[in-house]
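Each residue of the sequence shown is one higher than the last, beginning at 64 in the working numbering.
Worth flagging that the hints you see were computed from the coordinates, not collected in a lab.
We put the CB at the ideal spot given by N, CA and C, even for glycine.
Among the clues, some could well be false.
[As the list claims (entries may be wrong)] List time: in silico DSBU-like cross-link candidates among lysine-lysine, alpha-carbon distance up to 35 Å:
#: 1; residue 1: Lys498; residue 2: Lys91
#: 2; residue 1: Lys542; residue 2: Lys92
#: 3; residue 1: Lys498; residue 2: Lys542
#: 4; residue 1: Lys353; residue 2: Lys397
#: 5; residue 1: Lys221; residue 2: Lys115
#: 6; residue 1: Lys115; residue 2: Lys428
[Unchecked claim] Pair by pair, the computed Cβ-Cβ distance ranges are:
#: 7; residue 1: Ala130; residue 2: Gln541; range: 37 to 43 Å
#: 8; residue 1: Asn222; residue 2: Ser484; range: 29 to 35 Å
#: 9; residue 1: Leu109; residue 2: Asn88; range: 31 to 37 Å
#: 10; residue 1: Leu109; residue 2: Gly478; range: 37 to 43 Å
#: 11; residue 1: Glu210; residue 2: Glu258; range: 55 to 61 Å
#: 12; residue 1: Asp539; residue 2: Leu392; range: 29 to 35 Å
#: 13; residue 1: Pro529; residue 2: Lys397; range: 28 to 34 Å
#: 14; residue 1: Leu392; residue 2: Pro112; range: 34 to 40 Å
#: 15; residue 1: Leu109; residue 2: Asn222; range: 18 to 24 Å
#: 16; residue 1: Lys92; residue 2: Gln158; range: 18 to 24 Å
#: 17; residue 1: Ile537; residue 2: Arg215; range: 54 to 60 Å
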Amino acid sequence: MISLNASAASRFVHPGLLHSQDDINRIKKAVTEKEGPIYEGFKILLESPFSKMEYRMQGPVEEWGRAPNINTGQAQNDAKAAYQNALMWAITGKQPHANKSIEILNAWAKKLKKVSGIDGVLASGLQGFQFVNAAELVRYTNSGWTEVEAKRCEASFKNAWLPTIEHYAYFANGNWETAALQTKMAIAVFCDDSELFEEAIRYSVNGCGNGSIPNMIVYSSGQCQETTRAQHYAQLGIGLLTCAAEVAWQQGVDLYGWNNNRILKGYEYIARFGLGEEVPYRHYLDRTGKYGFGGRNNHYTEISKISRGDFWPIYERNYQHYAKRRGILAPYSKQVVEMKRPEGHSSDHVGLGTLSHFRTRISLKKPNHLPGIPAGLVARSTSNGISLTWVKSVDPITAVDADSYEVYRANQLGGSSRRISNNVIVPNYHDTSVKRGELYFYSVKAKNSVGISLPSVALAANAGLPNPWLSRDIGDVQKSGFSEFNG
């Protein structure tokens with residue numbers, strides 16, 4: 064992959080993880096005026112021991128991890144305190160909260176060397192996400208955190224946290240991968256790393272493990288990969304996936320809407336079953352071959368009733384997106400949200416969705432900002448060309464989609480690109496003007512009435528296999544195989 068004519072820093076919106084500046088302004092107004100659900104949600108934050116400016120830091124440590132547990136409690140508690148104090152600072156403007164978050168971030172950035180253990184992916188994925196959100200908030204809200212300190216924190220995220228989650232968890236259940244996904248995506252934004260962000264978005268829609276959207280919500284009914292394991296695990300996986308989708312949304316990339324709102328279907332399925340109704344079920348074997356019907360480790364034959372009716376703090380953020388940003392009905396999620404409001408938090412889940420994401424219905428018809436830079440490019444070589452897809456772009460403030468896209472192609476790495484299509488309405492394009500065996504580099508721009516976005520990170524794609532490689536089926540086959548080369 065290569066980046067085309069745009070500086071990395073200009074490609075991201077800050078603050079732009081779980082909270083944009085528009086979100087912060089909305090929350091501050093509601094808290095100041097003691098308005099309804101948001102103010103009730105603020106009380107949950109206010110009462111948390113981790114939101115106190117007097118919190119006593121329990122770390123830092125050089126190493127922490129899970130299975131075996133090494134300094135686990137210290138990391139979990141300091142992560143929550145860093146995030147919740149940063150959020151308190153952003154809402155109240157009280158400097159001691161910013162100072163506390165900065166104290167924790169600086170200490171851990173200076174000392175932590177690695178996140179370890181058999182369950183290290185979960186450790187880095189769950190607590191890392193809270194640390195990065197804390198850092199994003201204090202960095203972009205005039206907290207007094209210096210750029211030298213922020214750069215040191217960037218290095219810590221890249222060197223101490225990222226290696227554990229770099230390759231996701233192809234061998235595990237989906238919640239491991241969505242934990243990794245949310246934190247990798249957050250690190251990419253915080254570090255202004257466009258190629259890391261692109262890789263995370265692409266994995267979200269095209270990843271081979273259980274954490275990508277198609278492998279997490281395995282059927283269009285909404286049945287999830289861990290539906291047969293336990294309901295709290297199904298909620299863990301999709302809850303973390305929603306956090307990744309929210310980070311993407313803040314950058315103008317609509318993972319929420321991918322494949323006809325697939326994430327919402329998963330939520331509605333889990334909520335409906337948890338509320339006591341029956342849901343459709345089909346046997347499923349996961350991507351590892353270990354879990355599900357015929358699984359080597361766990362042979363599941365039905366929906367698990369373990370923790371049925373127990374609802375975790377994941378629903379409000381997702382419901383507010385679909386119902387209030389998009390105007391899409393989510394009746395079962397709505398029941399859970401109204402039953403559990405105001406939403407709390409836990410060690411695994413950032414939560415606090417009532418405080419951070421409750422909103423009135425957005426009904427704007429025109430965008431106020433450029434659409435997000437297209438992301439998640441995937442290429443497939445076909446018999447007559449190269450098929451491209453990407454994730455839809457949006458103005459995240461007004462929730463207005465991009466009107467159209469422009470597709471560009473270059474013939475060599477770093478070479479000049481040529482526009483090959485000017486008015487693509489849907490996020491896919493089939494390029495038939497290619498030569499077999501040739502390598503191309505594609506990028507996409509999104510357009511709306513405000514203007515045109517910067518180009519996506521470029522994707523290398525080959526039209527068939529390069530010479531002298533050949534691919535053919537052997538013997539009688541029911542479905543033809545295929546081979547690809549991505550440069």
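Verification of the hints:
1. Lys498 / Lys91: At roughly 56 Å apart (the allowed maximum being 35 Å), Lys91 and Lys498 break the hint.
2. Lys542 / Lys92: Cα-Cα ~59 Å, so violated.
3. Lys498 / Lys542: holds, 25 Å
4. Lys353 / Lys397: holds, 34 Å
5. Lys221 / Lys115: holds, 28 Å
6. Lys115 / Lys428: violated, 41 Å
7. Ala130 / Gln541: 37 to 43 Å: About 42 Å separates the Cβ atoms of Ala130 and Gln541, which means 37 to 43 Å holds.
8. Asn222 / Ser484: 29 to 35 Å: violated, 41 Å
9. Leu109 / Asn88: 31 to 37 Å: violated, 19 Å
10. Leu109 / Gly478: 37 to 43 Å: The hint (37 to 43 Å, Cβ to Cβ) is violated, given that Leu109 and Gly478 are roughly 56 Å apart.
11. Glu210 / Glu258: 55 to 61 Å: violated, 22 Å
12. Asp539 / Leu392: 29 to 35 Å: Cβ of Asp539 to Cβ of Leu392: about 48 Å, so the range 29 to 35 Å is violated.
13. Pro529 / Lys397: 28 to 34 Å: Violated: the Cβ-Cβ distance is about 53 Å, outside 28 to 34 Å.
14. Leu392 / Pro112: 34 to 40 Å: holds, 38 Å
15. Leu109 / Asn222: 18 to 24 Å: For Asn222 against Leu109, whose Cβ atoms are near 35 Å apart, the range 18 to 24 Å is violated.
16. Lys92 / Gln158: 18 to 24 Å: Holds, at about 20 Å.
17. Ile537 / Arg215: 54 to 60 Å: holds, 56 Å
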